[in-house]
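Assemble chain B onto chain A, guided by the hints.
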Amino acid sequence: MTFLVPLPVVMPLIGAALTLMMAGKPRAQRTVSLTVLTGTLLVSIALLVLSTMDGPLVVAVGGWVAPLGIVLVADQLAALMLVVSSAVTVCVLVYSIGQGMADGNEETPLSIYHPTYLILTAGVTNAFLAGDLFNLYVGFEILLVASYVLLTLGGTENRIRAGTTYVVVSLVSSLIFLTAIGLVYAATGTLNLAQLVGRLDALPDSLRLMLQGMLLLAFGIKAAVFPLSAWLPDSYPTAPAPVTAVFAGLLTKIGVYAIIRTETLLFPGGRAANLLMVAALLTMVIGILGAVAQSDIKRLLSFTLISHIGYLLFGVGLSTRLGLASAIFYVVHHITIQTTLFLTAGLIERRGGSTGLERLGGLARLSPLLAGLFFVPALNLAGIPPFSGFIGKIGLLQAGADDGGPLAWSLVAGGVLTSLLTLYAIARVWNLAFWRGPNPALPEASRALLPRLMVAPTLALVVLGVGLTVVAGPLFDISDQAAGYLLERSGYVHAVFPEGP
Amino acid sequence: MTPNLLYVIVVGVLFATGVSLLLERSLTRIVMGVILLGNGANLLILLGGKAGGAPIVGATPDAEMSDPLPQIMILTAIVITLGMTAFLLALAYRSWALTGHDEVQDDVEDRRIMRLAEQDEGPGTDDTEAGAPR
Chain A
1 MTFLVPLPVV
11 MPLIGAALTL
21 MMAGKPRAQR
31 TVSLTVLTGT
41 LLVSIALLVL
51 STMDGPLVVA
61 VGGWVAPLGI
71 VLVADQLAAL
81 MLVVSSAVTV
91 CVLVYSIGQG
101 MADGNEETPL
111 SIYHPTYLIL
121 TAGVTNAFLA
131 GDLFNLYVGF
141 EILLVASYVL
151 LTLGGTENRI
161 RAGTTYVVVS
171 LVSSLIFLTA
181 IGLVYAATGT
191 LNLAQLVGRL
201 DALPDSLRLM
211 LQGMLLLAFG
221 IKAAVFPLSA
231 WLPDSYPTAP
241 APVTAVFAGL
251 LTKIGVYAII
261 RTETLLFPGG
271 RAANLLMVAA
281 LLTMVIGILG
291 AVAQSDIKRL
301 LSFTLISHIG
311 YLLFGVGLST
321 RLGLASAIFY
331 VVHHITIQTT
341 LFLTAGLIER
351 RGGSTGLERL
361 GGLARLSPLL
371 AGLFFVPALN
381 LAGIPPFSGF
391 IGKIGLLQAG
401 ADDGGPLAWS
411 LVAGGVLTSL
421 LTLYAIARVW
431 NLAFWRGPNP
441 ALPEASRALL
451 PRLMVAPTLA
461 LVVLGVGLTV
471 VAGPLFDISD
481 QAAGYLLERS
491 GYVHAVFPEG
501 P
Chain B
502 MTPNLLYVIV
512 VGVLFATGVS
522 LLLERSLTRI
532 VMGVILLGNG
542 ANLLILLGGK
552 AGGAPIVGAT
562 PDAEMSDPLP
572 QIMILTAIVI
582 TLGMTAFLLA
592 LAYRSWALTG
602 HDEVQDDVED
612 RRIMRLAEQD
622 EGPGTDDTEA
632 GAPR
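The listed protein sequences correspond, in order, to chains A and B.
Per the numbering used here, the first sequence starts with residue 1, numbered consecutively.
Per the numbering used here, the second sequence starts with residue 502, numbered consecutively.
Just chain A, with the same shape it has in the complex (with noise of 0.2 Å):
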């Protein structure tokens, strides 16, 4: 069955080349984007289910067998992360194309939207996939590139701000990554994963450190931990609110699989553990208390996903088998809400004129229905039990408190105090925007009725958060599985080199 594992990669780049071809045809481009992306969802399930049965499955592209050529490896943590990420992006593309349908601009659409979406959702899938480090490196530029383009959609002045310094930051963690692949192939004359488990281990341990500070720094860039986020809050507000959407959701995310894929097989050992500790609590807290600072919705958001970027790094920093599962298990629940919470800011927009909390006022008496979309994803981003939010965090706080260090301790602390301040943070929106009467100095709100192609996913996706609960016990056993398998390091280099590298 390991014909399956290139599909995700490969659906997506043809869709990307089929509508680029049928430009000024919306009605092909959709029904292409929406088949593609719902093949990549059924084959990433698949994928999932065949790596949870009978391990990680690999590909050697184009026949070339590792070391020498590229392998795709679809492990569970890869699996599960392309299962997530691809239901998401399904999610939101609909709701993209709810949003252009009501927005009226069906005659005269921005033909690159399509090829542009899929393209990033090659680039994620490729960076899920890729067993060796320069294809990371490729997935990585492939998803940017796209996600430049996306932010800078129409090309307005504030989008041209705001996107010049996420282009250049960007830039920058890529050239980093690139040189630390430099010095990593010059130090171990490999790049394939693999193969780096036993080289890297064999290397003088300064030179060691050296290579994963460099590569630490710049996915701690890409996935906004503190105190290299400041890029995050300022670019991801501008886009319209189906891309950011999907960056919030998906990009720093991968920032995060990808700490967790090299700090568990290249450096295990838990060297940079404190660095790592120490930076989850920073970004945990300064995080929120940007957000409780924020009196716009979709920044206010941009924060809270900076700040529980946090609990994930903390997961990693622990190393142990339950913090790791934790982290994982979080993963999945933190891409599934905090997209689900910016497409509802997007509607929030939509119906009530803005997303400024000094602007809105009456929401909940509007739209009865808005409120509930809004309501039930962020109290399962303040993590109140029954949520999927709150046994990420159990499980997180448990790890911590069975680590018993002081950091450890003063992190499972930090992680109360985040999560009582995200609560307060999503309190303040709840009374600013819907619990309070309509706001009479102001302008009378919009009342557009909101469209039901762009309710029904994010509608989709509420349950699916609320969904994450009810199946929390086999997600948790794969995650914890997947944690074991990291932790293990011998399969996946098994996987890959059946006779040994």
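Treat the hints as calculated values from the structure; they're not laboratory data.
Note that beta-carbon positions come from the ideal geometry of N, C-alpha and C, so glycine has one too.
Accuracy of the hints is not assured; some may be wrong.
To be verified - Stretch-level coverage of chain A by chain B, calculated; a stretch enters the list once three of its residues show a Cβ under 8 Å from a Cβ in chain B:
| id | stretch |
| --- | --- |
| 1 | 291-303 |
| 2 | 451-460 |
Said to hold, decoys possible - Some residues of chain A that are not near chain B, with every Cβ distance over 12 Å (derived):
| id | residue |
| --- | --- |
| 3 | L13 |
| 4 | L34 |
| 5 | L68 |
| 6 | V167 |
| 7 | P204 |
| 8 | G269 |
| 9 | P406 |
| 10 | V470 |
As the list claims (entries may be wrong) - To be clear about the criterion: a stretch of chain B counts as covered by chain A if any three or more of its residues have a C-beta under 8 Å from a C-beta of chain A, and this derived list gives those stretches:
| id | stretch |
| --- | --- |
| 11 | 529-539 |
| 12 | 544-556 |
| 13 | 591-600 |
| 14 | 606-618 |
Coordinates of chain B only, in the frame set by chain A:
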């Protein structure tokens, strides 16, 4: 290739000038910085491989072949850097067309919040009389 001192110095100079250009406020200079940094990184990758004859079976004995992998990687990286440079130039041109300059600006919203914080007027609290947009 044995690390040739000249190459090492060139890589260092490219990185140093690239970083210092990257710290400028004008986007055009940042583009120059990115180009220099990209070339520095490419040269660095080249330093990692073994030097020798063309890596073609029959043309060169196995032991004297150069390592082709860094060259493939550099080729990919060059293509990516080229695309990025073109995109950045387009951004700089668009920014110039819209605003008349290509300076990279600060986060406007952050400035506003900082001003409010200095005047001790945080963003609207739970009361219902949060005023008109400031």
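Status of the hints after comparison with the structure:
{"no.": "1", "hint": "291-303", "in the structure": "holds (count 5)"}
{"no.": "2", "hint": "451-460", "in the structure": "violated (count 0)"}
{"no.": "3", "hint": "L13", "in the structure": "16 Å, holds"}
{"no.": "4", "hint": "L34", "in the structure": "28 Å, holds"}
{"no.": "5", "hint": "L68", "in the structure": "8 Å, violated"}
{"no.": "6", "hint": "V167", "in the structure": "6 Å, violated"}
{"no.": "7", "hint": "P204", "in the structure": "17 Å, holds"}
{"no.": "8", "hint": "G269", "in the structure": "25 Å, holds"}
{"no.": "9", "hint": "P406", "in the structure": "32 Å, holds"}
{"no.": "10", "hint": "V470", "in the structure": "34 Å, holds"}
{"no.": "11", "hint": "529-539", "in the structure": "holds (count 4)"}
{"no.": "12", "hint": "544-556", "in the structure": "holds (count 5)"}
{"no.": "13", "hint": "591-600", "in the structure": "holds (count 5)"}
{"no.": "14", "hint": "606-618", "in the structure": "holds (count 7)"}
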